[in-house]
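Using the sequences and the accompanying hints, generate a full structural model.
Here is how the chains run, residue by residue.
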Amino acid sequence: MILSIKALSVKFKGLIAVNNFSMDVEKESFHSLIGPNGAGKTTVVNALTRVVPSTGTAFFEGFDLLKMPPHRIINVGVARTFQNLELFKNLTVMANLFIGTIHKINYNFLDEVFNTRSYKSEQSKTLQSIIEIAEMLGIKRYLNMPVSSLPYGTQKLVEIGRAVISRPKLLILDEPFAGLNDQESEKLKEEILRIKGLYAITILMIEHDMKIVMSVSNKITVMNFGEKIAEGSPSEIIQNRKVAEAYLGDRSYFRS
Amino acid sequence: MVFQQIIAGIITGSLYAIVALGLVIAYKVTGVMNFAYGYMGMISAYIFFTCFSMVGMNYILSFFIAIAFGSFVGYAVERGLLRPVRNISPASMVIITLGLLLVLEGVALQIWGNNYQQIPNLLNGLPLILRFNGGIIVIPQQNLLILGVVTAVIIALILYLNLTFQGKAMRAVAQNEEIAKLMGINSSLMMSISWIISGSIGALAALLVAPQTFVYPDMMLNLQIMGFTAAVLGGFESIPGSIIGGISIGIIENLVGTYISTNLKTTFSLAIIVAILIVKPEGLLGSAKARRV
Amino acid sequence: MKKYLYFIPFVLVPLPFAGYPFLLSIFVLIGIYTIAAIGMDVLTTWAGQISIGNAAFFAVGAYTSAILVVNFHVPFLIAFLISGLFALIIGIVVGLPALRVSGFYLAVVTMAFGIAVQQIIGVFQITGGYNGIRNIPVPSFWIFKASPLYQYYIVLTIIFLIFIVLSRISFSKSGLALFAMRDSEIAARSFGINLLKYKLAAFGSSAALTGLAGSLYASAIGFISPSQFDLTLSLDLLAMVIVGGAGSVMGVMIGAAFFVGLPFLLSGYNISITIIQGAVLILILLFLPKGLLQIFKIKDLFKKKVT
Amino acid sequence: MKKFFVFSVILGLLLTFAFAADSSSFGVYPDKVVIGTFQALSGPYAIIGQGMLKGMKAYFNWINDQGGINGRKIDLLVYDDQLNPALTVTDVKRMVEQDHVFAVVGGLGTPGCLAVMGYLNDNGVPFVYQGSGAPQLSNPPKEYVFPVQPNYDLEGHLIARFLVQNQHKSKIAVMYMNNDIGQQELDGIQKQLADFNMKPYMTIAYNPTSADFSSDIIKLMSANPDSLVIAGLITDTIRIVTQIKQYGMNIPIVTIYPNADPAFIQLGGKAVEGVILTGWVPIPTKDNPDFTTKFDQYLKIYQKSYPNEIPSSYAAAGFIAAEVFSHALELAGPNPTRDGIVNALDTFDNWNGILAQGITFTPTDREGKTSMYFMKIENGTFVPISGWITLK
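Line order of the protein sequences matches chains A, B, C and D.
The first sequence maps to residues 1 to 256 in the working numbering.
The second sequence maps to residues 1001 to 1293 in the working numbering.
The third sequence maps to residues 2001 to 2307 in the working numbering.
The fourth sequence maps to residues 3001 to 3392 in the working numbering.
None of these hints come from the bench; they were simulated from the model.
Only true hints are included.
Pair ranges (Cβ atoms, derived):
#1 C:L2077 <-> A:N115: 22 to 32 Å
#2 C:L2286 <-> A:L127: 36 to 46 Å
#3 D:D3122 <-> C:P2016: 21 to 31 Å
#4 B:N1124 <-> D:D3226: 27 to 37 Å
As a list, the in silico BS3-like pairs of lysine-lysine whose alpha-carbon atoms are at most 25 Å apart:
#5 A:K104 <-> A:K27
#6 B:K1280 <-> A:K13
#7 D:K3191 <-> D:K3171
#8 B:K1028 <-> B:K1168
#9 A:K120 <-> C:K2197
#10 C:K2197 <-> A:K89
#11 A:K67 <-> A:K6
#12 D:K3300 <-> D:K3073
#13 A:K104 <-> C:K2197
#14 B:K1028 <-> A:K13
#15 A:K120 <-> C:K2003
#16 A:K89 <-> C:K2290
#17 C:K2197 <-> B:K1280
#18 A:K27 <-> A:K6
#19 C:K2197 <-> A:K67
#20 B:K1280 <-> A:K11
#21 A:K211 <-> A:K187
#22 D:K3073 <-> D:K3057
#23 A:K189 <-> A:K219
Sample of chain C residues with no beta-carbon within 10 Å of chain A, all distances over it, derived:
#24 L2015
#25 P2021
#26 V2070
#27 P2075
#28 I2078
#29 I2120
#30 L2156
Every residue gets a Cβ at the ideal spot worked out from N, C-alpha and C, and that includes glycine.
Structure below.
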């Protein structure tokens, strides 16, 4: 068990978005978090990465994420992507990937100014890892282009690349397949699985596309109205009555 | 004396409030912080002066010509200057309005020359005198008029924005232009209207204050700065907020001037305002905007 | 190293003008405003924070240096460094509200700070009140006599050093952390960027650069009083960045040259400078939204890799 | 890169040609004398600078129409510095180093004047008349600097003395602008009162751009002083006086000489009745027929250049600047030199021109005008209520 969430609650101005939510993520598993729109999935992720304030605990390898300053979370090995793409849009792909490694960089301001040896070696190491990741994701030729000029699918890849380059133990993906066509989705799925295997990453994914969720997940947690309503393997979830009820009326999920 | 100072603060504050109001209307819909706002009003004051004192038209006619001119300036500035560059950064937008300020200041000087000009009060009767336990507060009718006009404008605006279709459409554009467009709202018309309203409020403010300040190119300098501060203190997007912001600043200034220091009055007043903003970063009546990520 | 060659023409520029010290004084002023405007650029273009109160840092630098040199006979170089340091500290303090407020709220907070500093300077004795401080000497050092030519090279050297530092950090941890913060605070934080640290660093370094410029200004003009550091100066600094070309030292230099040069060229012809200045500002932003740098087609030196 | 280099070289050459000097003389030519001035002709202070420049131009036009001085016309170069000392410094250096002006006459604004005073003195360029009342201009005296206008510190002394000795007031309140003028007036008043073992009864600093002063007036009323000094400029002083009258306060109000301007009465109307002002430019009255003719002459000269315009007090200042310089140039003889101008000015002993009255310079005392008088606004005109008063 790599992440253990206990009694997580998030309130917005009196409105309860997540209520007493608990969940465990196994090491190196592919764990999906699903639920109808407004179920509170993204809020759980935002709480874990300290984008929104919350109560409860979320232990990750002995650290309570909910007690950590937001900028320290990446240091313990948790990286994420965002539902609506939070790329650094005025920067190039290369700079975006660079920022993914920034927490690991050891040199300080004076090293930069005086071009010291440690600066140079760190810098070339970083550039190397950028090229490596870019090659792997097939975005090497875009490295010097501003991200805002790239197609949406490529931007998604860059965002995943930015998270992966930080060498996380837990990678949180917030609807990575939204807005992609079938072909792009298939490609992205393969990339994600390849990266997962290559770096032995645990993945926690929020996703609407049931076909993909069912095909990649080891375990699925289902949320509705801010609470957990079911948990289990894909086959268990498919047969769960509560889940079917929750999705009733939200026909978009039956598209596949 | 506290009570006297608070009353006096409300009077001064109502001037800040009306300037803040005009700034907020334009900001809400088009997102522009207009640094030339007071100077646009100043031109209208000169127009009034020209009609009334130089041409010899009657007061009411001159007044409406000046207001109409103000709304035209608002329309022209939005259409001609800001619309073509809608998507540049807020800082660039500030600089465009700074350029406009310089032009208006220079133009006024070139056209109307280097004399202070005078325009009369609309109401010239005996001032309202309130006496209480030894203190006295004198409110000239013009100031009562300002108070009344500010109240009327606010009520009218709130009714307009909440009850009429156009007002609702404007609020929709203010909240999300893209969605408003999809819903078939003519967002470009709404932006023009917001600047027309803003421009006429600016002209109104200048006309109301001109009998006190006299008419000259920099007559609105202080009011404009205080108007900004009031707008921000109130929450920048909130119409009642700009009024509360303006009046609070008027009162804060007077109390600081009376009990703390006169030569550091502005400093202490601004320090209090900054302190309020640190506690409530979205202003007194503003709402915190949570961005979805 | 090719980018450093761009400075060669600037080294040579004074040669034809050695006989016209007043032209050199203008170049010195352009240089001084360039330094202050780079301070503004770091804050707005790099870190994405808005400020219309930077004139206050300029004043802090000018007064610190003038008081030390005139009242305490401190050598200029030391006074210069102290003024930068003092401005840095004040800048960090002013940056604190930026952790809570943003956008136009921050603009008004910084404007309030600018107005307050002007008033505080006017009230205190040590600053000479509203009467200001005069007879601030022009620095001289070793064999270099106090002259506009010498001042020119001091200013040019400082700009060159700033240029080196900025181009070195632009594709390193510090620079990219600022850019990241500008583009998305949420994502920046998720990737380990401490917003507190970088916002304060942005305000601190912006203030320090502006303060250093203020120190040079005090000695170049020889007289300082509160009215020189008003809201107009803050807005002008912002305008220099935007008119010239945000995010580029060369662009900012062009902006500063525009702001010092235009009134100078027009001041003798009895035409309204403000109308022309305002109209040109508007036209530039309407037709060259990226600033004058666009026409000169000078390569955007250190943004090349980044944006 | 290459393009950029070529561009810089071309720019450099252009600038060299544009500003190449063609003469090494000092502004004196067979047919003209070139002098310079700096004025705020645009920006927030343009209202003052434009007025002052009109006064100077009117006088020089008149002199030139008569054939100039000793056969030389006066060529006035005007630079617009927007009252920004950074511009003043470069403009004045340009006047001296490139235009080779003979003298600088009538610069406007304390910051600019103080910023260039040392430079002009070091370069031996006469600097005659500053549109500023800063005491630092005359104290200590500088060889080439000739302030004419009385300084605000002196005025503060005179006002305090007038209120205490003539009017027998003891509770003197002071409202002063939060700027250099206000501070210098307050300093003068405080120093003079200290000589009488007194202090201002209360002091209120104010922001001259404020629209409403009721808060300050409420404070004033509750303290109940027996007289009030307002160290402000035209529009804010009128606003304060108007509000004081509205509050029914009836104490003697004294204000400073920049307000002794027809516009003060015109804009202030009934509210400014009874206000006492200081003046250093005489006004035409029945008991001063001699000066009435001179004032008419001034109006005639002014309106020749600016028909139907009533000159402001700033125009009067510019006019006097031109008068003082022209007279010195005349005294300096057919071959004027800069030192000749200095010597000529130092012979001014209670000199009277058209508007300029009682101007005195000596090498050790450069306060050109040290006497002032008090006047009161009665029935919409200025009426003198004292003779010339001086500290010495």
